[in-house]
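K.L.:
Put chains B and C on the given structure of chain A with help from the hints.
Those protein sequences? They're chains A, B and C, same order as listed.
For the first sequence, my numbering assigns the number 508 to the initial residue and increments by one for each residue that follows.
For the second sequence, my numbering assigns the number -15 to the initial residue and increments by one for each residue that follows.
For the third sequence, my numbering assigns the number 59 to the initial residue and increments by one for each residue that follows.
None of these hints come from the bench; they were simulated from the model.
Covered stretches of chain B (chain A as the covering partner; in silico rule of three or more C-beta atoms under 8 Å from a C-beta of chain A):
1. 99 to 106
2. 195 to 201
Simulated crosslink set (DSS-like; lysine-lysine; CA at most 27 Å straight-line):
3. A:Lys736 <-> A:Lys786
4. B:Lys115 <-> A:Lys736
5. B:Lys115 <-> A:Lys636
6. A:Lys632 <-> B:Lys115
7. A:Lys639 <-> A:Lys693
8. A:Lys734 <-> A:Lys639
9. A:Lys632 <-> A:Lys736
10. A:Lys683 <-> A:Lys639
11. C:Lys198 <-> A:Lys761
12. A:Lys639 <-> A:Lys786
13. C:Lys198 <-> A:Lys530
14. A:Lys734 <-> A:Lys632
15. A:Lys693 <-> A:Lys736
16. A:Lys693 <-> B:Lys115
Cβ-Cβ distance ranges computed for the label pairs, FRET-style:
17. C:Phe249 <-> B:Arg252: 29 to 37 Å
18. B:Ile114 <-> C:Gly244: 54 to 62 Å
19. B:Pro34 <-> A:Thr777: 50 to 58 Å
All figures in this text were calculated on a predicted structure; none of them were measured in a lab.
Ideal placement from N, C-alpha and C gives every residue a C-beta, glycine not left out.
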Amino acid sequence: MNKLVPCLVALAGTLLAASVAAKDVTLLNVSYDPTRELYRDINNAFAAQWKAQHGDSVTIQMSHGGSGKQARSVVDGLPADVVTLALAYDIDAVSDRGLIARNWQTRLPDNASPYTSAIVFLVRKGNPKGIKDWADLVRPGVQVVTPNPKSSGGARWNFLAAWGYALKQPGGNEAKARAYVQELYKHVPVLDTGARGATNTFAQRGIGDVLIAWENEALLAQRQLGKDKFEVVVPSVTILAEPPVSVVDANADKHGTRAVADAYVQFLYTPQGQEIAAKNYYRPRLQDVAARYASQFPATHTFTIGEVFGDWRQAQAKFFAEGAIFDQLGAGR
Amino acid sequence: MRRQVLPGFGLSFGYALTYLGLIVLLPLAALAWKATGIGFHGLIQLLSGPRTLAALRLSLFGALLAASINAVVGLLIGWVLVRYRFPGRRLFDALVDLPFALPTAVAGIALTTLYAPNGWLGRWLEPLGIKVAYTPIGVLVAMVFVGFPFVVRTLQPVLASLERDVEEAAESLGARRHQTFFRVILPMLAPTLLTGFALALARAVGEYGSVIFIAGNIPMHSEIAPLLIVQKLEQFDTAGAAALGVALLLLSFLLLVVIALLQRWSNRWAERAA
Amino acid sequence: MSRHPRSRSMGWPRRIAHVALILLALVFLVAFLLLPLATVFVEAFRQGVAPYLQAIWQPEARSAIRLTLLVAAIAVPLNVVFGVAAAWAMTRFEFRGKTLLGAFIDLPFSVSPVISGLVYVLLFGAQGWFGPWMEGHGLKVIYAVPGLVLVTVFITLPFVARELIPLMQSQGSEEEEAARVLGASGWQLFFRVTMPNIRWALLYGVLLCNARAMGEFGAVSVVSGHIRGLTTTMPLEVEMRYNEYDYVGAFAVASLLALLALLTLAVKTLLEWRYGDEIAAHAPGGH
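Extracted from the complex, chain A is given alone in its bound form:
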């Protein structure tokens, strides 16, 4: 029943768009798992700003889940006005079904990802296994927790970070990278389906010595689950994860929410939006905001997916598609 209300509001909105001054608008932002805290803050700030500027109340509904699953839901009819997902491939998938314009990634600055993150390690207090860099993860007796790249967007970033690290070592090549990653997954006792599941396995169940995670997840887990229990280790080189955002054109036009939706994604690039991102442990794009939070984000060598792997479609086909490299590794035993 409740579902009718936003639909009617949207319908009324389309019909009366030109004539009515103040109205209530509802946006649906379909996002991935680790952004819950971020968008709770963003939504409050954006709603306040929109109200101040236009006099309209905007309610932003959230849906969270695994990035791939969320993209599929949008394709199957989940009426998202905005998608904010873990990786570009998932938005590409929505775009392929005609719901989002092809050029979505160039419509907004910075590859349409207003904030970034790095892939880092979370270890237990005191770092008992002395984990400093990627090479330490494959030492005998070290157990690594990371989710399954087949079902988790974050896990794909983890995989690519490990691959890129091995590639960038002196004398590194494809064969060595493959050998390193294969060895790495032999040290994984549990492959959770999502990033949050992996964090819970590592933190709550006491499994493993290292959790490979988004930096924002690692810092958040540390804050939520106890600073005295975990430490964040930033490896010498890692991937710069760029989670992208986009307006879902077909839905926003149908709901008559285009203007709000556009303003919403652009709000993420404003100093205020960037500040909120940084507070929620995402690396901001704006230099002066980044400077203020420098202590929170240790400097490290990062590479982007574009620099090493081309783009997400290529990476997906090469590593994660059916029968591709991840499947060939025979992860685990």
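P.N.:
Only chains B and C this time, still in chain A's reference frame:
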């Protein structure tokens, strides 16, 4: 055709069939139709992959084992709850339904909390070298949990309506206790026990929510077939997911038909015994 | 008891066997059922009563509870009517393909929850058979309440029928046939003869169906869309909170589902005590 004395065949049969058709068969037809999208060659390739085979094997044999455990334990518990009076019986009777009521995800989390190396039970099992959580044993534990009420709850009404006089007559005729059980009670219970077994089995084969938390989900080792389906879906491979779903479904449907045939046979056995 | 002197005069080996059986059953029940249940409550109250109450009084929790009750209130009655009709057809008549019909009734049990969600997406999703037509007419099934009801009906479809069939089979139809011969109409004999005989099994079936309807996670998760406050049922709310590291909140909502189950069972017990002598009459303590 003696039974045709009773009215309502057309209405009840027609309604049941229409309802089944709309709620179950039509959607499954959509699934089968979608599955044809991968083609015959794709299907062979999918089903012969070592990872698929390993996952199907784990789901199938895990479920068979879990249902067997449930049949034995469920008979014991159903018997105890119906036949004996002891303090707290009602409470324990109520507990039996817990696996139905607890969301599978909660069950998974709770079981993992218990059986993880730092859990209440896990910490005692770990020194003994028994690892439950994040191994195939964990899969089994979750499958036993979700299938458990089926056996007890299907048996209970029949146990309650089972004529105690029959047993006592048998005993007064000089039958020993275990003879009474194996010659009189078990044959009468067999059809119902098989129903419970079949239900527990079917439930365990497809179980997802509770298993993924406790399984470890390592390919070739502790990865169940429904998880492969989910992974295919998240890779936008709907046809592959549907095909795997149909394969899993045919497998358990086959098992159910075998059990239904067994049941017909045991019905006759029961009638002879009675 | 005087009717059955043999059962009174049972020797101590028999008594020991009884006690051993009871103990064995209890050990299993405690390890497999009571401990997981206890875990839920211990985790829910880990930080005391106030955070617990706060957790279940949040608007998201309340809307999840409302939605869960609504879905069960629609799905369960539908399956009760179906279950009775199917059991009547299956146990009172001989027809070809009976075994097949029985297998079809059980089918939803063997469909993985993931698949049962998926099939409705294939039918009603934007890319599905009826999706585009429904969208054209402004109807929403998937990612809305109708979708949640449909998958819940699917998942819990066999419960009532499965509960009734074995019982009605073992009872046979002599009483009904006698009533028929004496001139009772179809509905009369159903409500006067069949109903009283099956009411306990029917109640069991309704309770199981309801409990499962409220607790279903996997299938519902596929068609829900996870829009907080709109399409999240209680099990989804539990998962969501667990994934937000809000363990107290997650287990608090989970404990409500467990309580709901205990409550329905209390109702069952009450009804048995109020109306039912027939179940107790067969038990040894009831003599």
